[in-house]
Structure formats: structure tokens, C-alpha cells
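First to last, the protein sequences are chains A and B. According to full-length UniProt numbering, the first sequence holds residues 1 to 513 in order. According to full-length UniProt numbering, the second sequence holds residues 1 to 513 in order.
Hint data in this document are derived by calculation from the structure and do not stem from the laboratory. Some hints here could point you the wrong way.
Taking lysine-lysine pairs in the DSSO-like style, the calculated list, with each CA pair at most 30 angstroms apart, reads [stated by the list, open to error]:
1. B:K169 / A:K195
2. B:K390 / B:K219
3. A:K73 / B:K169
4. B:K470 / A:K390
5. B:K470 / A:K73
6. A:K390 / B:K249
7. A:K165 / B:K80
There are 2 protein chains.
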Amino acid sequence: MKSAVTSVVRTASRLRPLAHVSTIKAMTTTTKPAASMATAQVAEQTRSEQPFFPDEPFKPRMRTSIPGPESKKAIEDLHKVFDTRSLNMMVNYQNSFGNYIADLDGNVLLDVFAQIASIPVGYSNPTLLAAATSPEMASAIINRPALGSFPQHDWAEILRTGVLKVAPKGLDQVVTAMAGSDANELAYKAAFMWKRRQERGGGDVEFSDEEIASAMNNKAPGSPHMSILSFRSAFHGRLFGSLSTTRSKPVHKLDIPAFDWPQASFPHLRYPLADHVSENAAEEARCLAETEDLIKNFRHPVVAVVVEPVQAEGGDNHATPTFFKGLRDITRRNDVMFIVDEVQTGVGATGRFWAHDHWNMADPPDMVTFSKKAQTAGYYFGNPDLRPNKPYRQFNTWMGDPARAILFRAIIQEIERLNLVESTAQVGEYLYSGLERLAERYPYEIQNLRGKGQGTFLAWDSPTRDDFLKRAKGLGINIGGSGERAVRLRPMLIFQKHHADILLEATEKLVST
Amino acid sequence: MKSAVTSVVRTASRLRPLAHVSTIKAMTTTTKPAASMATAQVAEQTRSEQPFFPDEPFKPRMRTSIPGPESKKAIEDLHKVFDTRSLNMMVNYQNSFGNYIADLDGNVLLDVFAQIASIPVGYSNPTLLAAATSPEMASAIINRPALGSFPQHDWAEILRTGVLKVAPKGLDQVVTAMAGSDANELAYKAAFMWKRRQERGGGDVEFSDEEIASAMNNKAPGSPHMSILSFRSAFHGRLFGSLSTTRSKPVHKLDIPAFDWPQASFPHLRYPLADHVSENAAEEARCLAETEDLIKNFRHPVVAVVVEPVQAEGGDNHATPTFFKGLRDITRRNDVMFIVDEVQTGVGATGRFWAHDHWNMADPPDMVTFSKKAQTAGYYFGNPDLRPNKPYRQFNTWMGDPARAILFRAIIQEIERLNLVESTAQVGEYLYSGLERLAERYPYEIQNLRGKGQGTFLAWDSPTRDDFLKRAKGLGINIGGSGERAVRLRPMLIFQKHHADILLEATEKLVST
């Protein structure tokens, strides 16, 4: 049975995507950049590396300062209708390819910020382009379903071959959402419903008249005074519930009403780790004790602990597997949910598909939330008791977006085809070693280098961070920051050693002059 | 300069979309249905009507009961990984066309529920298909930007020719979002920031140390005890902030912590309106007085009033322009924001592009939120003071989705091409008249018919509502309910008089047997 959409669109999917990559390649494929100083010896090792995308630009090319004249005009125009005060760079995405981002003035930059850690397999990726021009994508875009009530016939298959194919160990179900913030909020809602059900004795106990009446009035017991515990410097989103668990920066929170929920200290590790082993272990033990004390004693009962494997927005703060295993133990023995927010860490960037894979826990988290590099969002869970006792309790009109779920499936295929998680682990080691050498030579400029063994999810503190980021752009490198003074590296999964060489060379230039 | 994406995808956009609509047409184009009883005389009038889509099925076709055997298998399979207890119908969207929705068992239904009021111009719409297979859509899908920091070069143009082209009168700016819930929450956040700024004397006054420290701790004054006023039976979404303003059904709210925010009574009008003029006027005056009293006296200062032009999820509750103008006056004189939630009413369904256009107010709302039929979401505003005083205060990674904004632009083009708002106004009059005749004959089965003059945004109360909806499916009509006992009609904008005839005929069958 030939469908309406299929008959039209399938021609597009037969095209060989990106048979000719035109502009950018011509603009930037010139001679190999001269390796300098500390990076000279490592560049040698990468000569023989096969690029994932032979048509990718060979190096950055800067024609103007940023923003250049064309970008300035466009920004001024956009500002009339859309707030541009947080604008970093105006981009021509159709001219961007692989690890390289193009602006409106002929500048092409190596991008290790990647849309705030959200581009997984490169700009204008051919595999994704094939998925984006497929008949099923066209139908998903124009026939958007209310998934909870009118799912499409192949939704189970799209989930199984996509979102669920990469589900964390032990978690075999998913609730889909729109972005990281609402993914976290839906997980929180599941935790509240689970705990109240548990308090009622489990099963399908009916709500009391008092609960029903009070809930409609935003009062307890129907709307209970219960809480989610998060950590200092955490970032979990900016809607009202998620913002109540976000503690990274005042600008996120000022003037917005918040729930009276508890925060525990997140470990403040000292670097290099090898020199501060017992001190750091004591710090983690202190934070665990504080967490358990809050769970037992906070004025509003805690139903869940939410934590990022690496606090990203809050300044790239790491903790050891011992800390996270400790959280799992504490939440288990106090009967509260353990939610791991993998919105920024998930989908390969740490050299494992999920960052919490590094912890090697036999007992998995209760829920894991995702977004960003997945290009879709939601939370995984395994415990059947986390399905609410009645339908429509975890529900909304769209419940995610099949178009974006289809894209995530293509992202997973590309990750598998190029073995990108393993590659990211290896490139991360390589990049870390190069940065370590630079940190030895420039200990003031590169402080607290961190992320060893965490793929390319690396960061360091810079006493002149904002200036560093700005000057990096002048050298053709787009880098982001996190917290007050961290330089945050978030390359895509297709970032290779030869890209690392360019980044290391530029970093050396920046810290040495 | 030819871009990478353009060179690949443009072939697709040259195809004539849907040159052959295959399956559905063949399945269902048979003889005209025999008009029966009360609808016989009106069917005559529609003989000469030009269908918008000649290839659309001519009438529903039922092969099995719903769910049929194929659907049952698929539902059982999906349930293993995705909660299907709220499932209404398993759909094959690629076989759905125009006003007709197809399942997996060869059944084709006239759809007047339309994905909970979210499909604007029909399934597999050719104009949307052209947009969905365009090079710019492909790039938007695979190169998703962090819009606040790295907007695409043509974002201003996409907004101006799309989202902003249909901006409500007096509102010339937009903040884009993902869905109705977060659109409302972002509007609430804007209201809180605006009010606190006003309290500080306006301008760019710095935050105090106390505000900064307390906000990080979820405490006042940084996280102020302020509130949003909504109405009984309102629905504004199900995230933590929006859910605190939702008051439609306990199942939405039970077990979820909520803010202590006020609710005022929404008018409870009696029908037919012409027979209860003074009584209804008194009811609206009572609700207005209660609203103003809460604004003046509620324990947590009110910064905004949010209201739907028609309470949809809450049971299709209407009020008159007098009531809404009264709200505008009250909010103006008490210096609080007036937010109109057009998530369900917007984009043409009431016979005006925005439902609040019916109110003919000289002084527009402060913010208008949208989603559903726009297939993207956000809030419009005009007052420059609603832009927060610093960047990054109204910010998140994606800030909407350009792919969906491009689709909204195509939807607007299709609405203009076919003059669908005007058409919906006319078809709505026709449908209302037909229902009015049926209500006269079956006054017990069709009570409180409402929505006259509001396009096809019609509803009535049924003493056996759930049974009515179920039996309607058996006749090949997909209808939704709202509130406890309302039958809610939410046809698409391409719903024509000949579709209305089919709906009227089926309704008569259902209420007369």
C-alpha cells in the first residue's frame, strides 16, 4: 500500500547526500597549519589519521573580526523583534559543515561549543540529511501527533530502534518530552506521584475527597509539601519546577518564585586529583553526609535526589564514582528516587554513551533524563511502579516530537557507523594530554584542568576567562565558558586528533601571549 | 554562493507534492452519502461547494470496530515501552489526508478532534509537505541552533514572514518556546521580572546582595512570594508553574506540589444566551469583582492575570467580550499584566485569527501565548519593559525550534491561500445552525449548545458524553470531549460545509437512537 507522503518524498531520500560540498571546502582547504612549540611533537602523531569527513574544512579561516559588518547588520535587524543581548555569533548553518561553523562574513571557525553542547555529529551531517529528507520525516513534520492519545503506527519501532536502543542499563521505558527542562520536570512529577502512591500503601488506592478538593486549591494534602533535593551549583533547567532545583547563577533565578526545596553541597575537589586523594575523599564524604541529613530532616519530605554526572553550567564540577555510588546507596536506603540529569553529559561526550556508565553501578539510577545531543528529550526509567496508577497523570498534547525522535535514531546510527563514543574516549585522552603539557608550562593561565578519562568533556579555570574566549574567536575557535571562570570544551563526537591539534595550538598561542 | 544543504535537497522541493494521492481516495470515493432527516434540507445547499482538496476522501469508511485487530496488536506492542492507557486511536498518518484520519485496519474517520485541536490545515497537506521537504527545513532539522546565542542568519526573516506576520494587534515582538506549557511559564516569568523591576523603580537598577543570596536559596526577596491569578476550570499546562494556574481536573494536579496562587470564578453562563441576558451579565460582574478583590487582597501579590478566551480543556466555557474587557480594565488599573492564553483558541478556529480579536479592545493584552495549531509556541508582547533588564534572564538552550517556525510560516501561507479564517467563520455559522436545529429536536441529548459566532469552536453538553464519543467512532467520526460532559468540536480550518453535513448527519443518528 503506497502512501501519499511516501510517493512524493522518496525521490529525495535516494539522492546521495552532499555529493558535492562546495563553498566551505574551497574556502579553507589549504596547506597544513604549522605546528608550534609544545604541540609540535603531537601533531606528528596525527598525520596519518583518517578524517571522518574528507570534505570538511582543513582549518579555521578568519576574514574579519566577529561580528563582521554583515553580521552586525543582521544582528541589528534581528534585535528589533528578538532579544539579541545574549547573542554570541550570527551563523549561516547551511554553510557550516562538520566541526566548522560559518558566519555571515566569510569567517569559518572550529566549533568546540557546538550549540551549548547540543550538536552531536557535525553540522550538515550527510547521514542526518538523509534522515531529514526521508518520507517518514516529512510525515512526522506535517502530521504531528498527540502521542499519548493518537500515536503513529510505528512509534514503538521508532523508540526501539532509536531512543530505547541506547537506554541506560536497567531502564527499558521512556517518557518523551520537548527539552531538558521539561524532561526533568516530568521526572520530578513521576517521583512525587510514586512517593505519594507508596505512602497510600501502593497499588491503585483511590484519592480521598480531601486530596481531590485540596489539589484543586493548590493545597496539601492534594498538592503536597514535598521536595526534590539538588546540589549547589547544579543546573537542571529554567521552568518553575526545574528552576527550583537550579542553583548555578543568580541571573537564572532572580525575581522568579521558587519552591522551598533543599540543596546539598556538591564536592569541591582539588586538582591535580592525584595530589589530593584523601582530602577529596573527605570532601565527598562530607557532601554525602549532608545529603543524607537533608533527606532525613528537611522540613518538606524529599522524594528524589537529582544530580548531574558533571555539573556543567555550574562550572564543570566533577566528582568521583565513589560519590555517585554513595548517592545511590543513600537514596536506596532512604527510599527516595535517584534521578541522573544527563542532559549535557549524555550521548557520548564523556567517552561512554552515558556519563553514569563510568560509575559501574550494579544498581542503576531510577530515572535518567536526556536532551541536547539527543536532539529530543525525555526520561528513562525501569521500575514499573514509576508508571502512574492512572492514565492521563503524565500527559500533555504533544509529549515530545516524533520528528526529533527520528533524528535521534539517525544520530545513533551515525555514532555506531563511525564508532564515535570510542573515538571520543581516545581523542579525549589525546586532548587531555596536550592540555596537561600546556598546564605544566602555563600553570597560571590553565588551572584545575579536569575531565581526565571523561572523553572530550574537559575544562580548566582561567583567571582571564572571558578575555580568553573572546581572543579564541579571533583565532578561529568558538569556545564556551561555564561557571565564573571555567573554559568549557564541548566538541562534537566527530572531533578528531587533528582538530585537537588546532585547538591545542590556538590555546598555546592564547595563554603564551 | 551555493550551500552544502541547498545543493542536495532542492531537488525535493521541485517535486509537485502529492501528485497522486493514492490509497485513501481509492478506498473512500464512492457515492454521496444519503442525507437524512433534519440534515436533508441543508445538504442541498452544499452541493455546489468547491472542496479545498479534491483528492480528499468523500466520506468516512469503517471496516472494523476501533481498535481493530491490527491496531490491537500494535497497541499491545507499544504498551511494553510507552504508556498507552490514554490511547484513543492508533494512527497511520501517512495514509491520513485532509480532514480524514486513517488507522491500521483500513478505517478512515472524519477527524473533528484533530490531535487535540492541533492540526491546522489537514493531514499530509501539500503546501506543508513542500515546506517540509525544502532545503531550509532540512538544515533547520539537522543544524538546530541555540537561538539565543547562535541564531541563524535568516531568523529575523523567518519570524517576520511567519510568527510575527500574524502577531496580535499591538504586539510586535515574540519569545519563542517549545509548547503551550512552557510558553505560558515564560510569559509568567516575564511578568514577575517586570513587576519586580517596577518595584525597584524601573530602569536598570542592580540587584541587592540580599536578593542575590536569597534567590540562590529559593527564598524571598530574591525568589519573591508573588503570584499569577487564574480562573476556576482553567487549563494552562502541566509543568510546575503552569500547573499551579491549571484548575480543570484533579487528575492533572494530584500529588504535584503547587504554588499558593489565587483562582477567581470564571463566569458560568446559562444557555441559550438570549434568554438569560441580565442573569449572565450579573454573573460576569460577580466574577470581575471577585477577580479585582483577589488582586487587591490576596496574600501573595498578584503580578498577572491569565485567561483563555474560551476555557477549552475545562469544559468549553465561554464568556462575553464584556467580561474580557472588564479584565483588561481591572488589570490596567491595578497595574498587573493581562496574559491571554490562546494555545487552543488561536490560529483561526474561532473565525478570527486570534479569539481575542472578537473582543474589539482598543487596549491589547500585554502578552498572548500560542502553540497547537501554530505547531510552534511562544508569547507575543509589545511593551519594551517586558524585555528583562539584562540578557540571559529569559533564556534557554534551544528557545524554540526554527524547523517548527518554518512550518508555521507555511501554515500561515496555506491559511491565506485558501482564506481559511473567513471560511471557518462561515462554516462555523452553518454548523452551528445545523446543531441548533438538532438541539431543538433533541433538547435532552444536546444541552447548552455554545460557540455561536466563534467559528467551528463549538460544544454542547451531553448526559451520556463518553458513550456518545465512543459511538461516534463507530460511525466514522473522531470527536473529543472536554470537562465532565461536553462534546468538544475542534475541526481543522479546512473543514467545509460538506464535512459539516457528514458530522450533522452522524450526530443526528447518535442522538436519535
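Status of the hints after comparison with the structure:
Among the hinted pairs, B:K169 with A:K195 is inconsistent with the structure: their alpha-carbon atoms are about 47 angstroms apart, more than 30 angstroms. Taking the CA atoms of B:K390 and B:K219, the gap is about 21 angstroms. The hint holds against a cut of 30 angstroms. Straight-line distance between C-alpha atoms of A:K73 and B:K169 comes to about 27 angstroms, which keeps the hinted pair within the 30 angstroms bound. Distance restraint check for B:K470 and A:K390: the Cα-Cα separation of roughly 20 angstroms lies within the 30 angstroms cut-off, and the hinted pair is therefore satisfied.
Under the criterion of a C-alpha separation no larger than 30 angstroms, the hint pairing B:K470 with A:K73 is inconsistent with the structure, at around 57 angstroms. Of the pairs offered as hints, the one joining A:K390 and B:K249 holds, with about 14 angstroms between alpha carbons and a cut-off of 30 angstroms not exceeded. At most 30 angstroms may separate the alpha-carbon atoms for a hinted pair to count; A:K165 and B:K80 meet this at roughly 14 angstroms.
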